[in-house]
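Residues in the sequence shown are numbered consecutively from 1, following my numbering.
Don't read these hints as lab results, they were simulated from the structure.
Errors might be hidden in some of the hints.
[As the list claims (entries may be wrong)] Cross-link-like lysine-lysine pairs, in silico, DSBU-like; alpha carbons within 35 Å at most:
no., residue 1, residue 2
1, Lys-290, Lys-306
2, Lys-139, Lys-216
3, Lys-221, Lys-306
4, Lys-276, Lys-245
5, Lys-290, Lys-134
6, Lys-315, Lys-134
7, Lys-120, Lys-221
8, Lys-139, Lys-116
9, Lys-315, Lys-116
10, Lys-315, Lys-277
11, Lys-276, Lys-213
12, Lys-116, Lys-277
13, Lys-105, Lys-276
14, Lys-306, Lys-277
15, Lys-290, Lys-105
16, Lys-116, Lys-195
17, Lys-245, Lys-213
18, Lys-134, Lys-221
19, Lys-276, Lys-216
20, Lys-245, Lys-290
21, Lys-276, Lys-195
22, Lys-277, Lys-122
23, Lys-120, Lys-213
24, Lys-216, Lys-306
25, Lys-306, Lys-122
26, Lys-134, Lys-120
27, Lys-276, Lys-290
28, Lys-276, Lys-139
29, Lys-315, Lys-290
30, Lys-306, Lys-116
31, Lys-134, Lys-116
32, Lys-276, Lys-122
33, Lys-105, Lys-288
34, Lys-285, Lys-306
Predicted, not measured: the structure shown is a model, and the values here were computed from it.
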Amino acid sequence: MQFEQIDNAEPRSFGRVQDLTNQANLSRSIHDLYKPICNYRSDMPSSLDFGSGTDLYDSNYTDTMKPSVKVSPKVEQTREQPELIAQGIDFPNVVEIYKNEFEHKYRGRELATIEKDIPKEKWNIAYQAFPELKQLGEKTAVMLMKAIIANELDHYGGEDVTQDAVASTGHGGGLHGRSIGYGQISPDGVRNMAKQFDWEVAHHQRAVNPLAKYEKMNDDKLAQELANPANTPLFVAAHIALDLKNLNRHARELQVTPAALGYWYNADMVYAKLDKKHEHLMTKKEAKAKHIQYDPALPTDIVLQKSEHAANIRKWLEQVN
């Protein structure tokens with residue numbers, strides 16, 4: 001049974017309810033949603049409309065040039081097109097500002113965003129909701145939740161801005177398998193996790209289903225709840241709780257550490273399905289480029305050493321700590 005995971009880029013799927021080795025459908029590719037918005041100039045925010053540069057080179061424009069641009073002295077003599085000399089900013093800097101503010105809205109302020117947007121009491125509520133997290137202890141569990149969320153915010157792109165804006169207005173019912181919010185979990189993923197908890201309650205493996213109310217919401221409402229940062233700890237904690245059960249089954253093969261759990265939230269290393277002996281480890285991107293069907297690689301020591309996602313999680317664990 002396979003499920004897909006990758007940092008803020010690739011679809012992730014949650015398999016059958018009865019199979020605890022599967023994970024939530026955490027798809028985040030929304031190019032079909034995002035491209036139509038970009039295709040219509042009238043739909044773009046005015047702040048992104050840079051207009052035309054032709055007026056800048058008008059022969060009569062020299063007397064009204066902005067102070068931030070110098071005009072070559074020869075212009076006054078020959079009335080040639082002005083030779084512009086940048087003052088204080090160059091084009092690469094403009095591009096970088098644009099990318100940080102739109103393509104990566106939270107980059108550089110991930111932890112500050114978490115502290116600002118998520119009430120402190122939500123961490124304890126999330127921890128108490130899932131008895132499995134006692135294996136980690138509250139301090140470590142909260143640290144892991146914050147590290148996972150910070151990593152997702154680091155990779156939070158322009159398409160995520162658009163998608164979450166739609167969801168937060170209560171019109172995200174069509175997003176289904178696409179990931180939403182600071183934890184980048186999809187509505188389908190939440191429902192599948194909730195169904196798993198229902199199964200556990202029915203089989204006396206869990207007292208209550210912490211996601212029961214979300215399972216009953218309509219599509220628009222559930223997407224809106226996912227877009228609310230205050231709810232993110234609960235959804236991420238639910239994911240970690242299921243991951244703990246999964247990885248504990250492989251205790252002889254690996255150590256169930258915060259780094260391993262963080263990697264498993266969004267595994268980026270895989271083996272080809274035909275590679276039964278798991279001899280040829282590759283990245284998910286490599287497998288996709290070669291059109292190879294694959295299974296996610298468990299977080300063994302060698303996998304964690306080669307995983308870019310695991311390295312990202314370790315970095316955030318250190319910063320959160």
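Here's how the hints hold up against the structure:
1. Lys-290 / Lys-306: OK: Lys-290 and Lys-306 at ~19 Å, within 35 Å.
2. Lys-139 / Lys-216: Holds. Lys-139 to Lys-216 sits at ~31 Å (cutoff 35 Å).
3. Lys-221 / Lys-306: violated (39 Å)
4. Lys-276 / Lys-245: holds (23 Å)
5. Lys-290 / Lys-134: Given that 35 Å is the threshold and the Cα spacing comes to 41 Å, the pair is violated.
6. Lys-315 / Lys-134: Status holds; Cα separation ~23 Å.
7. Lys-120 / Lys-221: Distance ~24 Å between Lys-120 and Lys-221 Cα, so the pair holds.
8. Lys-139 / Lys-116: Status holds; Cα separation ~19 Å.
9. Lys-315 / Lys-116: Between Lys-315 and Lys-116 the Cα gap is close to 21 Å, so the pair holds against 35 Å.
10. Lys-315 / Lys-277: holds (31 Å)
11. Lys-276 / Lys-213: Given that 35 Å is the threshold and the Cα spacing comes to 41 Å, the pair is violated.
12. Lys-116 / Lys-277: violated (47 Å)
13. Lys-105 / Lys-276: violated (41 Å)
14. Lys-306 / Lys-277: Holds, because 18 Å separates the two Cα atoms, which is no more than 35 Å.
15. Lys-290 / Lys-105: Distance ~32 Å between Lys-290 and Lys-105 Cα, so the pair holds.
16. Lys-116 / Lys-195: holds (32 Å)
17. Lys-245 / Lys-213: holds (23 Å)
18. Lys-134 / Lys-221: holds (31 Å)
19. Lys-276 / Lys-216: Roughly 40 Å between the alpha carbons, so the hint for Lys-276 and Lys-216 is violated.
20. Lys-245 / Lys-290: Within the cut-off at roughly 32 Å; holds.
21. Lys-276 / Lys-195: Distance ~30 Å between Lys-276 and Lys-195 Cα, so the pair holds.
22. Lys-277 / Lys-122: violated (43 Å)
23. Lys-120 / Lys-213: holds (22 Å)
24. Lys-216 / Lys-306: Violated. Lys-216 to Lys-306 sits at ~40 Å, over the 35 Å cutoff.
25. Lys-306 / Lys-122: Answer holds: Lys-306 to Lys-122 is near 33 Å, not above 35 Å.
26. Lys-134 / Lys-120: holds (19 Å)
27. Lys-276 / Lys-290: holds (18 Å)
28. Lys-276 / Lys-139: violated (38 Å)
29. Lys-315 / Lys-290: holds (30 Å)
30. Lys-306 / Lys-116: holds (33 Å)
31. Lys-134 / Lys-116: At roughly 26 Å apart (the allowed maximum being 35 Å), Lys-116 and Lys-134 satisfy the hint.
32. Lys-276 / Lys-122: With Cα atoms ~42 Å apart, Lys-276 and Lys-122 exceed 35 Å; violated.
33. Lys-105 / Lys-288: holds (28 Å)
34. Lys-285 / Lys-306: holds (14 Å)
The earlier numbered hints that this structure contradicts are 3, 5, 11, 12, 13, 19, 22, 24, 28, 32.
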